[in-house]
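2 protein chains.
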Amino acid sequence: MNVLIIGAGGMIGRKLATKLASSPVLNGQEVRHLHLVDVFEPSAPLDTPCRVLTEAADVSAPGEAARLLANRPDIIFHLAAIVSGEAETDFEKGYRINLDGTLNLLEAIRQDASYCPKLIFASSIAVFGAPLPAPIPDTFHLTPQTSYGTQKAICELLLSDYSRKGFVDGIALRLPTIVVRPGKPNKAASGFFSGIIREPLNGQEAVLPVADDTLHWMASPRAAVSFFLHAASLDTADMTGGRAVTLPGLAVSVAEELDILRKIGGEARIKLIKRVADPLVEQIVAAWPRQFDASRALSLGFAPDESFEAIVRSYIEDEGISI
Amino acid sequence: MNVLIIGAGGMIGRKLATKLASSPVLNGQEVRHLHLVDVFEPSAPLDTPCRVLTEAADVSAPGEAARLLANRPDIIFHLAAIVSGEAETDFEKGYRINLDGTLNLLEAIRQDASYCPKLIFASSIAVFGAPLPAPIPDTFHLTPQTSYGTQKAICELLLSDYSRKGFVDGIALRLPTIVVRPGKPNKAASGFFSGIIREPLNGQEAVLPVADDTLHWMASPRAAVSFFLHAASLDTADMTGGRAVTLPGLAVSVAEELDILRKIGGEARIKLIKRVADPLVEQIVAAWPRQFDASRALSLGFAPDESFEAIVRSYIEDEGISI
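Chains as they are written, first to last, in numbering that gives the first Met the number 0: chain A, 0 to 322; chain B, 0 to 322.
No wet-lab data here; the hints were simulated from the structure. Even for Gly, the Cβ is constructed at its ideal location relative to N, Cα and C. Treat the hints loosely; a few may be bogus.
Stated by the list, open to error - Calculated Cβ distances over 12 Å to all of chain B for the following chain A residues:
1) LYS14
2) SER42
3) ALA65
4) VAL126
5) HIS140
6) HIS229
7) ILE263
What the hints assert, rightly or not - Straight line, CA to CA, 20 Å or less: simulated SDA-like cross-link-like pairs of lysine to any residue:
8) B:LYS92 - A:ALA112
9) A:LYS164 - B:GLU85
10) A:LYS92 - B:LYS164
11) A:LYS164 - B:ILE283
12) B:LYS186 - B:LYS164
13) A:LYS164 - B:TRP287
14) A:LYS92 - B:GLY165
15) B:LYS92 - A:LYS14
16) B:LYS92 - A:ALA107
17) B:LYS164 - A:ALA286
18) B:LYS164 - A:GLY84
19) A:LYS164 - B:GLY165
20) A:LYS92 - B:ARG163
21) A:LYS14 - A:VAL224
Said to hold, decoys possible - Take a look, some chain B residues computed to stay more than 10 Å from chain A by CB distance:
22) ASN1
23) ARG31
24) SER42
25) ALA55
26) ASP137
27) LEU141
28) ARG221
29) LEU257
Chain A with its partners taken away, still in its complex shape (with noise of 0.2 Å):
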């Protein structure tokens, strides 16, 4: 089986290749090409028996979807695309990247007739919009209030239509905000959910920019993995109403995250917080979707993390943090 990650230099991109590269198989069949994409050159797996090429290209580039698609991949994992902030900074950049790319790729496997591989695409739950009920059911609207979260709406409106129409066998999963996000700190409105666990276990200070009662739709780089590995497995035969599945997250609180942190990292940690009221981080994490009812994901067999608590512990394994 021949699996192609397009955006395989990124945090669970890395991670999936990681994954796949230990435990090379995929729906009962053993993976043996591993071709990892991203715009620049993706780090290859250590110690795996697959075959692994690595390379740089853009997806979005005219040509570049049917090159990579040369080998005829089975499985194509696409999580490829510029991020929220620059989507709404560089309109053109944002379009070209986040629409274009996965058009391109959709186009490409529409022109060979024979070929129709499993494609499991990266959505998010920008694709949700204010006003928003609590719990979100299934069945609510997109009315997205970013272009990132216009550009991934339109994708899996794509690739529902291309996936009906037989083209493609396409799965796009509404990824929830992964935390713990390892790595620095970095600028997006959402990266304290984060920061005030991975920082003072670092024993670094964390800004809180929010109150305590927030809430927050979360799940773990390991569960997005798992959402990953799922997807490639499951039978979409029985996937009325659309491609699209909103992904079993936590809705967790603030409150409920320092509560874990000081379980496992003690009052020291806590102390490590500064709580910074930043209205502007409020408003936008206010207008963000917080807990859904994620009934479809659950009935197709995704599974959620087991706590907040979960969460944390496996940061701190997988990342290997001394506590």
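Using the hints provided, position chain B relative to the given structure of chain A.
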């Protein structure tokens, strides 16, 4: 004020052009220039004080959208599309006309930084797909089950995003099925909803392929024209939750259609209806939306037809049918 109608040769486009030509006032301002465009040169309305320009143009062709905007129309009605059946059989043509055409128009508008026209886009209830509740709320998700519906849903998302960014001031109108369509019978699966009124009123036989309790969401051509004119004068500042509006139709059963035909045309007309059950048409119609809660449109001032009787009487009046 300059007005551009793209798709001015279609049934609604013609009626809209005729209405504007005879009552050339929009939003309290005089319409001086009326630019009528379709893939075939549309006919020019007679007896109008407007300067009328008619021409054949395909907005999906490179450069054509920008050329059509040279006169900087204040209001653009975009009704051009290929219909559901053709978009389903000719996948590439459907995406080219129904998606690329609209995208070309939006891009041509965006490229001119000092220009922000009102753009009223003809969408469709084909953006919805089974399983559907009854009535369908304004917040129900879009799971189109045709490429046509997919293309309309994508254009709605683009229109909302381009409007949010301030490039255009857009509104997408999800039109009900238009009944009574004037003219000859066509092969659309929904054609019989018009046919069972139109043909008997013309003394001709009509085939009824579904059961009497079949419910459908309808509006008259006259209501459709009024929706476009109302949208042109609407203040969009309060349109939170996207720029697409499900318009208020009437949920009418076949039984009610027959009652009104009997009331207006007498028992002899009813006898012209031949019941020939068609399982394929029944299946297609069963997957269509039947009834909406169109609260949002009503609160924005869109007004439905008074009754199905009023729909039939407006058809008789507008088309000069003698009973």
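Interface-negative label, ILE263 of chain A against chain B, beta-carbon threshold 12 Å: holds (39 Å)
VAL126 of chain A non-interfacial with respect to chain B [C-beta, more than 12 Å]: violated (9 Å)
Looking at HIS140 of chain A again, its CB stays over 12 Å from all of chain B? At about 5 Å from chain B, HIS140 of chain A fails to clear the 12 Å cut-off, so the statement is violated.
Is the Cβ of LYS14 of chain A farther than 12 Å from every Cβ of chain B? Its Cβ never comes within 12 Å of chain B, the nearest being 30 Å, so this holds.
Given as non-interface: ASN1 of chain B, partner chain A, CB spacing beyond 10 Å: Holds, because the least Cβ-Cβ distance between ASN1 of chain B and chain A comes to about 27 Å, which exceeds 10 Å.
Does ALA65 of chain A really sit off the interface, with its C-beta more than 12 Å from all C-beta atoms of chain B? holds (16 Å)
Holds or violated: are the alpha carbons of LYS164 of chain B and GLY84 of chain A at most 20 Å from each other? Holds: LYS164 of chain B and GLY84 of chain A sit about 14 Å apart, inside 20 Å.
Please verify whether LYS14 of chain A and VAL224 of chain A have alpha carbons no more than 20 Å apart. holds (7 Å)
SER42 of chain B and chain A, when compared Cβ to Cβ, separated by more than 10 Å: SER42 of chain B clear of chain A: closest Cβ-Cβ about 35 Å, beyond 10 Å.
Going straight from one Cα to the other, do LYS92 of chain A and ARG163 of chain B come out at no more than 20 Å? Cα-Cα ~17 Å, so holds.
Measuring Cβ to Cβ, find out whether LEU257 of chain B lies farther than 10 Å from everything in chain A. About 33 Å separates LEU257 of chain B from the closest Cβ of chain A, which puts it past 10 Å; holds.
Regarding the pair LYS92 of chain B and LYS14 of chain A, is the alpha-carbon distance no greater than 20 Å? Given pair LYS92 of chain B, LYS14 of chain A is violated - Cα atoms ~40 Å apart, limit 20 Å.
Of the numbered hints given earlier, the model fails hints 4, 5, 12, 15, 19, 26 and 27; all others are met.
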